[in-house]
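Using the sequences provided together with the hints, build the complete structure.
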Amino acid sequence: MMEVVDRSLKSATEYFQNFFSFEYYKNGFLQNVDARVKLLGIVVLLLATVSTFKISKIFAILFSAVVLAKLSNVGLRKLISRVWLFTLFSFLIVLPLTFVEGWGYVLAFTLRVLTAITLIQILVLTTPFNEVLQTLRFFKIPETLVFALGITYRYIYMMFTELLRILIARESRRLKRLSFREIWENGGKALGAYFVRVFEKGERIQMAMKVRGDKIRYYHRPFKIGTSEALFIIFTTFVLTWWLML
Amino acid sequence: MKAVEAVNVTYVYPDGTVGIRNVNLSVENGEKVAIVGANGSGKSTLIHVLSGLLKPTKGVVRILGVEVDGNFEAIRKNIGVVFQNPDDFLFNPTVRDELLYAPAQLEIPYEKALKIMNDYAKIFEIDHILDKPPFRLSGGEKKRVEIACVMMLKPKILFMDEPTANVDGRTRRKIIKFAKDYEGTLIIATHDLSMIPDVAEKVVVLNLNKEVEEIGGVELLEDYDLLERCGVI
Amino acid sequence: MHIPDGYLDMSIAGLFYLLTAIVLGYSIYKIRKEQVNWVLVGITASAIFAAQMLNWPIPGGTSAHFVGGALAGILLGPYAGCLAMACVLIVQCLVFADGGITALGANIWNMGIVDVFVGYYIYKALENRNKFLAGFLAGWLGITLAAIFAGIEIGLSSSFHYSIAVTVPVMGMWHALLGIVEGVITGSIISYITTTRPEILKATEEVKVGRAVWIALAVMIALSPVFAYLAELVNYSEPLENVASALGVSEHPIYEGILPDYTVPGLDPYTGTLISGIVGVAIVLAIGFIIQRASGTR
Chain A
1 MMEVVDRSLK
11 SATEYFQNFF
21 SFEYYKNGFL
31 QNVDARVKLL
41 GIVVLLLATV
51 STFKISKIFA
61 ILFSAVVLAK
71 LSNVGLRKLI
81 SRVWLFTLFS
91 FLIVLPLTFV
101 EGWGYVLAFT
111 LRVLTAITLI
121 QILVLTTPFN
131 EVLQTLRFFK
141 IPETLVFALG
151 ITYRYIYMMF
161 TELLRILIAR
171 ESRRLKRLSF
181 REIWENGGKA
191 LGAYFVRVFE
201 KGERIQMAMK
211 VRGDKIRYYH
221 RPFKIGTSEA
231 LFIIFTTFVL
241 TWWLML
Chain B
1 MKAVEAVNVT
11 YVYPDGTVGI
21 RNVNLSVENG
31 EKVAIVGANG
41 SGKSTLIHVL
51 SGLLKPTKGV
61 VRILGVEVDG
71 NFEAIRKNIG
81 VVFQNPDDFL
91 FNPTVRDELL
101 YAPAQLEIPY
111 EKALKIMNDY
121 AKIFEIDHIL
131 DKPPFRLSGG
141 EKKRVEIACV
151 MMLKPKILFM
161 DEPTANVDGR
171 TRRKIIKFAK
181 DYEGTLIIAT
191 HDLSMIPDVA
201 EKVVVLNLNK
211 EVEEIGGVEL
221 LEDYDLLERC
231 GVI
Chain C
1 MHIPDGYLDM
11 SIAGLFYLLT
21 AIVLGYSIYK
31 IRKEQVNWVL
41 VGITASAIFA
51 AQMLNWPIPG
61 GTSAHFVGGA
71 LAGILLGPYA
81 GCLAMACVLI
91 VQCLVFADGG
101 ITALGANIWN
111 MGIVDVFVGY
121 YIYKALENRN
131 KFLAGFLAGW
141 LGITLAAIFA
151 GIEIGLSSSF
161 HYSIAVTVPV
171 MGMWHALLGI
181 VEGVITGSII
191 SYITTTRPEI
201 LKATEEVKVG
211 RAVWIALAVM
221 IALSPVFAYL
231 AELVNYSEPL
241 ENVASALGVS
251 EHPIYEGILP
261 DYTVPGLDPY
271 TGTLISGIVG
281 VAIVLAIGFI
291 IQRASGTR
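Chains as they are written, first to last, in my numbering: chain A, 1 to 246; chain B, 1 to 233; chain C, 1 to 298.
Please keep in mind that the hints were generated in silico from the structure rather than gathered at the bench.
Quick caveat: nothing in here was measured; it's all calculated off a predicted structure.
Every residue, glycine too, gets a C-beta built ideally from N, C-alpha and C.
Check the hints yourself; a few may be wrong.
List of simulated lysine to aspartate or glutamate pairs, DMTMM-like, C-alpha gap at most 25 Å [stated by the list, open to error]:
1. B:K32 x B:D168
2. A:K176 x B:D97
3. C:K202 x A:E143
Derived Cβ-Cβ restraints for the label pairs, each shown as a range [stated by the list, open to error]:
4. B:R173 x A:E143: 50 to 60 Å
5. B:N22 x A:I55: 46 to 56 Å
6. B:N22 x A:F180: 30 to 40 Å
Right, dumping it as structure tokens:
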């Protein structure tokens, strides 16, 4: 199970660097745009991307995504490091079709995926999750879901460290090589112990929330429609018009 | 061949927090070392890394001359780790199963394992709870079961992470006596300064920057400036 | 199994957003009515999230990941389990950019609804026989059906030029294999919990097999003609017939791959039927056990 611990730590590292990455980009264009406007704008651009196979149109969106990234101090290298994997994966999946249909579809498909992922990344990298939650609430997503999402987000790292501790303790008691099936079974038992603990923790947290007041109200950045929002809307409209004309 | 050797070891957690930084440490066979430091100074991380449970991000750890890496099962039976929280460690249906878990894996003959189990059950005064499930035990009982489990294979090197935290006076005395009588290499991380002179000869002080500030004998415990600087007192 | 943006047609994505919204909305309604605390749901969701980060080694050198939908259903019951998985998937999408935004509806449908509900009902049906087996089949079948739905969504989308005759078998069979890991882990978790703290499992509570079960059954039955239709699609291979004649390959019921290391399965009509057969059997099994359970609790 050391492999489980080892490999999981490696992939967890990538995950958690994502987790805190919005802190890396404190000041830039998109960071200052109201989250509601931003989300709507990105979704509209996303829809524009995935409703066409015309490479020029897709490229227009991709180009504007990169512009937005630049304006928001999102480094190009960082962006590429986050989008290349799925893009490559998608490219390889459809690659065999070049024999059947030539390169047009394959390139367009890959570009679509790349553009869509880039759009989501710039949204994610410039919007703290709290603002995402406020936005969801604004758009009338039920309280229960939004509150549960908040808890999920807040406890991820802690839950992961708890799990790690259990796995490390188990690993310290492993004295022989395990078969694949034994690894899965032992892992399952460790996860069982983990979920029992999670449940107990959940009960305690529930109690604590009752004491602290379980109506989730936060001081949050007030919604606003100002200059940044206007600029963003103008930019998006411009891109869409360009897209329509291509 | 040293028991445990750390050369320029750094460990960074997945979220980027540094666990320990540039640690150079070597422990001879039979030596008994206490690691002290403030909360968050890296004591637990150091224990995990020195015992081979976490691979250092930078640097090298060698246990009994073998570098910490994949094929570790052979070394494992020579190492015992007593974790701070016994709940992380105990997972079998009964205490008896817990104690027999390690010998069963190594296919040690049942009668032999049983004998060792009965001996330790008496020493740690847990023979009356052998059939209880671990999660129903008191804190002190859990701790004693944990230590007994670790001792079943009579490891050459024993790591203990804050063994006297959250235990009552009686259990604490038992643990101190056990650590004193243990004949092997002992590395113990603790806040409980008063027990250190009874148990260890060498003291490692970690500072608030997750590095080793000083390594010396138990006289370091009287260097109040050092200890205050490092948040120990 | 997260579908990125760009793979699904807007019509399919929209349809599944709608279906998911309905089921998720109903789940939230049930949770509020039964006063299940959302804190527990959120905590379980974050725990499942953490568990999903583990890399389980599999033969071949790569690793598989635990999804946990069936587990969520067994731990919390199907409605709270659905909400928990939705939380996991939404956080993955909007914090880690894992899975597309337009595809979120479909992803929640697959991993948060199909996996959860199938897992829950399979477990309920089998829990009195053997806990590990019940958990194993819940996990395994949940994942496999979730993957088949993903295959259906991608296959039906004209954006993705592989037909459903390819995507369903590929997704289905690949995840039927990977699902073994999910099954073993789920089974082990459940057998551990039931031996130590069985009261934690919501699924062990007495549940009157009510309307919801029949609704679920009705949905599955309604979809089975779709599966049957899809099997027919396998025989429709016009574009590839063109390729076949272009390459000078004779018309052959069993069509080998174009490329040596990447076969294009599913053009084989037998495989298509096989897949719909597996799905059909799964439906029959589920119906059978649920009926058995229903007559047991009445």
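Going through the hints against the structure:
no.: 1; hint: B:K32 x B:D168; verdict: holds, 24 Å
no.: 2; hint: A:K176 x B:D97; verdict: holds, 18 Å
no.: 3; hint: C:K202 x A:E143; verdict: holds, 23 Å
no.: 4; hint: B:R173 x A:E143: 50 to 60 Å; verdict: holds, 54 Å
no.: 5; hint: B:N22 x A:I55: 46 to 56 Å; verdict: holds, 52 Å
no.: 6; hint: B:N22 x A:F180: 30 to 40 Å; verdict: holds, 38 Å
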